Amino acid sequence: MGEHRKILLANIDKEDQHTLSGYESRGGYKSIRKALGMDPLAVVDEVKKSGLRGRGGAGFPTGTKWSFVPRNGAKPVYIVNNADESEPGTFKDRLLMERDPHQCIEGMLICAWAVQSNWSCIYIRGEYGYPYDRLNQAIKECYAKGYLGDNIFGSGFKHDIVVHRGAGAYICGEETALLESLEGAKGQPRLKPPFYPAAIGLYDCPTVVNNVETLAACVWIMEHGGEAYAAIGTPKSTGTKLISASGHINKPGVYEVEMGYPVLRFIEEECGGIWKGRKLKAIMPGGSSFPVLRADELEGVTIDYDSLSKAGSHVGSGGFMVMDDSTDMVQAACNVAHFYAHESCGQCTPCREGGHWIEKIFNRVSKGEGLPGDVELVESVCNQIAGHTICAFGEALAWPAQSFIRKFPEEFKERIKASVKGSPLRVLPMNFEYQGAH
Amino acid sequence: MAIKLSEAAEKRVEELKAKYPDSRSAVMPALYIAQEELGYVNGDAINWVAEKIGMAPVHVMEVATFYTMYYKKPVGKYHFQVCRTLSCALRGAREITEHLHKRFNLLPGEVSADGKWSYEEVECLGSCGTAPMCEVNDIFFENLTPEKLEAIIERIDKENPDLRFSSVKDKLGEGLKGQTKSEII
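Going line by line, the protein sequences match chains A and B.
Its first residue numbered 1, the first sequence is counted upward by one per residue in the numbering used here.
Its first residue numbered 439, the second sequence is counted upward by one per residue in the numbering used here.
These are computed hints drawn from the structure, not numbers from a lab.
Coverage of chain A stretches by chain B, computed from C-beta distances (three or more under 8 Å per stretch; other residues unrestricted): (1) 125-139; (2) 156-165; (3) 174-184; (4) 240-246; (5) 252-261; (6) 321-328.
Derived PhoX-like pairs (lysine-lysine); straight-line CA-CA distance at most 20 Å: (7) Lys145(A) to Lys158(A); (8) Lys457(B) to Lys158(A); (9) Lys186(A) to Lys510(B); (10) Lys455(B) to Lys140(A); (11) Lys413(A) to Lys360(A); (12) Lys145(A) to Lys34(A); (13) Lys75(A) to Lys457(B); (14) Lys615(B) to Lys596(B); (15) Lys457(B) to Lys140(A); (16) Lys455(B) to Lys186(A); (17) Lys455(B) to Lys607(B); (18) Lys407(A) to Lys417(A).
Quick caveat, the model's predicted, so the values are computed rather than measured.
By construction, the Cβ of each residue, glycine as well, lies at the ideal position given by its N, Cα and C atoms.
Excised from the complex, chain A in its bound form (with noise of 0.2 Å):
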């Protein structure tokens, strides 16, 4: 376990491999044509069998989730690649689109054979415009030779996928503010029940909901099978992820781990270690809607669901961001709160409202004017947004910010001590501060 495995990354460094004869020559195009010889409910049941979670943040098992889909039903059936990959600290779904964009557009239709659908789209965060010319291009040769269309793979079979660009809204990473989105309105969750869009998504439309990379994944599974793909990894966390590594290290970049593989040797091997001869203070492994955890909890732990969630975190996005020892806690925390602030919907009161308070209180405290409590009172306001929304981005604006007042509470309180006594003290600021502006 823990050992390198190349499964969504084999061919990415390769030169011709976003064109439809380079993909071909490298075996691309086997899986789905594999699947289209099966019952459709074997492929379902192969993906399931391969324990695969989904890895957009919320590790839902895809298998399942494709399994909540109809038979037979007088609607339509459609799938929503979501590729609004927007998580903080997260672009590796980006790495597969512009490198790789052939194995996107067959792990859809694998999906799209196995919960019979004729339509698709890949919902695209609207910033990715080389992405987006990547995929639309490997989509044209699809539709040239046949891949795409009315009768795809000479099979009878018929199926479309057209690229959206969304226009700059995190919130559309959450599935139901996608399929609103989609629908032409604006981004905001839906009130659950219904609880999956499988059953009631896309214009009332049972819809199947997965990340580029989880798509991606199930073009290995139909080759090598289920059970292949099971026994990579830990029991509960199957297969590989790719994991986008950013902040204070020296080698910073997309990279493949089989699950379970040390966090701490993640670091130090594939990272490259700590930039500048620096220690490692903290990391935010899952993206920033995920808790932030101190060096000295990462003995023993793996990136895993299991083993993350225990260490009290999440694999999430797979955002991993590292911050060093010169890192001031504080402002980390005032960008991430910034960040919520900034995306939230507007839909939720605790959330739209809190989010500026929590932003506020850190920015405060930050700049030498915190009060005695606003500890507390950060603690408190969280405590009144997660739980209390529509949709998780309540938890992800609230985890996040607890996390970092529990775990670097002496950077908050001394800031605050220095503050009253009238001494604040001053750092070089994170992000740039306008003379005299807003």
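Put chain B on the given structure of chain A with help from the hints.
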């Protein structure tokens, strides 16, 4: 009565409407098209999209104001968006914004007198492994330093490249040669 946009724009919207299970889905791409032709999303753009899609203008307005990539006032011909989120902030996004602030002598959101330049700070652009970074119109410039950024500004100023994604042509512009590609890995 809505204004008329180019024939290519009108044609493209019709194409898009046919691609989705319901033509309402075309409201976002249609807004991009209107923005491309008008420079930003104003009342004319809203009315045009509403008429094309067959939606109430207030609904289109709601969509346009929800998403940050639809500009509600004009931006510069070259609009710089500096990522300010954690990974970029940890690696020097501050210096990048500071450089733009001094170089253009503008506050975020302001446009230079000649209409050529503007900038703003934005949230995570998915380029954390190549931080700090900045998107100019629709093209990423990564692994930046203030010096590299200055070299990019000078080249843009001299060459006036097409850095925009065109929703009408369904294609990203040519970019500064060799710069449209990401530098990841």
